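Student: Below, each chain spelled out in residue letters.
There are 2 protein chains.
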Amino acid sequence: MGDFRVLEVKQSVFADNDRRAAQLRQSLRERKLFLLNLMSSPGAGKTTTLTRTIELLRDELRIGVMEADIDSDVDAERISKTGARAIQLHTGGMCHLDADMTAQGLEGLETGELDLAILENVGNLVCPAEFDTGASKNAMILSVPEGDDKPLKYPLMFSLCDVVLINKIDVLPYFDFDMEKCRKNILMRNPNAKIIPICARTGEGVDEWAEWLREQVKKWRE
Amino acid sequence: MGDFRVLEVKQSVFADNDRRAAQLRQSLRERKLFLLNLMSSPGAGKTTTLTRTIELLRDELRIGVMEADIDSDVDAERISKTGARAIQLHTGGMCHLDADMTAQGLEGLETGELDLAILENVGNLVCPAEFDTGASKNAMILSVPEGDDKPLKYPLMFSLCDVVLINKIDVLPYFDFDMEKCRKNILMRNPNAKIIPICARTGEGVDEWAEWLREQVKKWRE
Numbered sequence: 000m001g002d003f004r005v006l007e008v009k010q011s012v013f014a015d016n017d018r019r020a021a022q023l024r025q026s027l028r029e030r031k032l033f034l035l036n037l038m039s040s041p042g043a044g045k046t047t048t049l050t051r052t053i054e055l056l057r058d059e060l061r062i063g064v065m066e067a068d069i070d071s072d073v074d075a076e077r078i079s080k081t082g083a084r085a086i087q088l089h090t091g092g093m094c095h096l097d098a099d100m101t102a103q104g105l106e107g108l109e110t111g112e113l114d115l116a117i118l119e120n121v122g123n124l125v126c127p128a129e130f131d132t133g134a135s136k137n138a139m140i141l142s143v144p145e146g147d148d149k150p151l152k153y154p155l156m157f158s159l160c161d162v163v164l165i166n167k168i169d170v171l172p173y174f175d176f177d178m179e180k181c182r183k184n185i186l187m188r189n190p191n192a193k194i195i196p197i198c199a200r201t202g203e204g205v206d207e208w209a210e211w212l213r214e215q216v217k218k219w220r221e
Numbered sequence: 000m001g002d003f004r005v006l007e008v009k010q011s012v013f014a015d016n017d018r019r020a021a022q023l024r025q026s027l028r029e030r031k032l033f034l035l036n037l038m039s040s041p042g043a044g045k046t047t048t049l050t051r052t053i054e055l056l057r058d059e060l061r062i063g064v065m066e067a068d069i070d071s072d073v074d075a076e077r078i079s080k081t082g083a084r085a086i087q088l089h090t091g092g093m094c095h096l097d098a099d100m101t102a103q104g105l106e107g108l109e110t111g112e113l114d115l116a117i118l119e120n121v122g123n124l125v126c127p128a129e130f131d132t133g134a135s136k137n138a139m140i141l142s143v144p145e146g147d148d149k150p151l152k153y154p155l156m157f158s159l160c161d162v163v164l165i166n167k168i169d170v171l172p173y174f175d176f177d178m179e180k181c182r183k184n185i186l187m188r189n190p191n192a193k194i195i196p197i198c199a200r201t202g203e204g205v206d207e208w209a210e211w212l213r214e215q216v217k218k219w220r221e
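So the sequence lines, in the order shown, correspond to chains A and B. Residue 139 in numbering that gives the first Met the number 0 sits at position 140 of the first sequence, with consecutive numbering throughout. Residue 16 in numbering that gives the first Met the number 0 sits at position 17 of the second sequence, with consecutive numbering throughout.
What the hints contain is simulated information worked out from the structure, not anything from laboratory work. Do not take every clue at face value.
[Claimed, not checked] No more than 30 Å apart at the CA atoms, straight line, and that leaves these computed lysine-lysine pairs for DSS-like:
no.	chain 1	residue 1	chain 2	residue 2
1	A	Lys183	A	Lys80
2	B	Lys183	A	Lys80
3	B	Lys9	A	Lys9
4	B	Lys80	A	Lys183
5	A	Lys193	A	Lys136
6	B	Lys180	A	Lys80
7	A	Lys80	A	Lys217
8	B	Lys183	A	Lys180
Remember, predicted model here, so these are calculated numbers, not experimental data.
Using the sequences plus the hints, can you model the full thing?
Tutor: Right, dumping it as C-alpha cells:
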C-alpha cells in the first residue's frame, strides 16, 4: 500500500470564490508552482491517465497529486504507488472543490518543493465547472463510452477547459462514437480547446498530452 | 422531428425540500400517478434505456417523460419519437432537480391522463442524490465502462436507489469490470437494492427491468 494522508477539506468561508481563485493563482505564479485542475464524469479514467502522466514526467518534474473524493481513498492509494506525493481530499459530500478548498489541499500536500501539483476534481461534469479552483490550467477527460454529444449537454465544462482528452479510444469499434462530430461539438463550445485522443490503459496518445503539459509548466515558471 | 415542449424550471422557493417532496409524493399517490426518478453519470444510457422501456410498456401504461438537462433538447426529441408524451426541462445550470422543480415539470407535462411519469434527472452521481424529488421510486444506471468501484465513491446515490441497472453489458469483454465485485459493492451500500444487468442498445435484460417497473406501478396504484 502506498503512503498518503487523508484531509477533510471544509467548505469555504469566502463568499467571493472568483476573488479567492485569482489570489491563489497569483500566489502560485509567484511560487513557480503550476496547478492543473483535471475534471471528468465518474469513471472516465482520470486516475489511470494521471498514473501514465506521472510515469512520463516524474524524472523531470517534482509532482504532487490531490485526489478529491466524497468518501473513498482508492485513488490516492493508486497514485501514491507511482512514487508521486499524494493526498486524499474528502469533500464531505460536496460535489466540487472551490478555490479555498484547493488552497487547503495544497497546504496539506506541502508543495514547497514541487513543480507541478495536480487536482483530480470530483467526478462530475456540472458543478466543478462553476467554481474556479485557482488552477493555472483546466483539463477534462471525455471517454468514448459517454458519447460524442456531451459538449452539447454540458456546455460550461467544455467552454472553460484548455485541453480535452478523449480517452478509451481502444473501444471505439464497440461504440457509436463519431470522433469528427465530437471534435466539432467541442470546438463549437471552445474554439481554442486543444483536443488529444488517448488510451490511458495502453498509453496511446499520452505522450502528446505529457508534452502539452510539460510546455505549460515551463511557460508558467518562466 | 418529434413533438415536445421546453420548460425552464426555476429554483425552488421552498427552503425545506424534504417536506415539499413528501407533499408531492402524497399527492401522486392520491392521483394514482407513479413517478420514477432515473439517475446516472453522463452517458450511462438513460435515454436509450427509456426508449426501450417505453416500447415494452406503452401498450399497457400511459407514459410521460420529463427530460432534465442544463441546456440541450436532444433527449426530449429522442423520447417523443417513441410516441410517449415528452417535455424538456431546462435547469438553467442547476446540477439536479428538487421536488418543486419536479412539480413544475409534472404540471408542464399535463399528467392528468398518465399512469407513469418518468423524470430523467441531470447526468450526475452527486447532487441529484441529495435532493428528494418526491418520486415514488428511485432508479439509477451504472454503465460497465465507468467501473465496478463506483459504489465506493458515490455512496449516497447507491444507498437510496431502489434499483440499479448495470448497462452496456455487451462491452464487458473489453473492460476490466468484475460483475460480482460490483454487486457486492452495491449491496454494501444498499442491501435491499434490486440489481439488473442490461444492454439498452440490444434490449438484453430490459424485459426484467420493465417487469419490475410494471409491478411497482401496479402496487402504487392499488
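Student: Measure nothing beyond the straight line between the CA atoms of Lys80 of chain A and Lys217 of chain A; if it is 30 Å or shorter, mark the hint as holding.
Tutor: 26 Å, holds
Student: Mind checking the alpha carbons of Lys183 of chain B and Lys80 of chain A for me, to see if they're no more than 30 Å apart?
Tutor: 26 Å, holds
Student: Would the hint linking Lys183 of chain A and Lys80 of chain A be met if the CA-CA limit is 30 Å?
Tutor: With Cα atoms ~38 Å apart, Lys183 of chain A and Lys80 of chain A exceed 30 Å; violated.
Student: Between Lys9 of chain B and Lys9 of chain A, does the CA-CA distance stay at or below 30 Å?
Tutor: Within the cut-off at roughly 29 Å; holds.
Student: Run the distance test for Lys180 of chain B versus Lys80 of chain A: straight-line Cα separation, threshold 30 Å.
Tutor: Distance of about 23 Å is within 30 Å: holds.
Student: Is the hinted pair Lys183 of chain B and Lys180 of chain A satisfied, with a Cα-Cα distance of at most 30 Å?
Tutor: 38 Å, violated
Student: Compare the distance between the alpha carbons of Lys80 of chain B and Lys183 of chain A with 30 Å, and conclude whether the hinted pair is satisfied.
Tutor: 26 Å, holds
Student: Below or equal to 30 Å on CA atoms is what counts here, so check Lys193 of chain A against Lys136 of chain A.
Tutor: 12 Å, holds
Going down the numbered hints, you'll see the structure goes against 1, 8, while the others check out.
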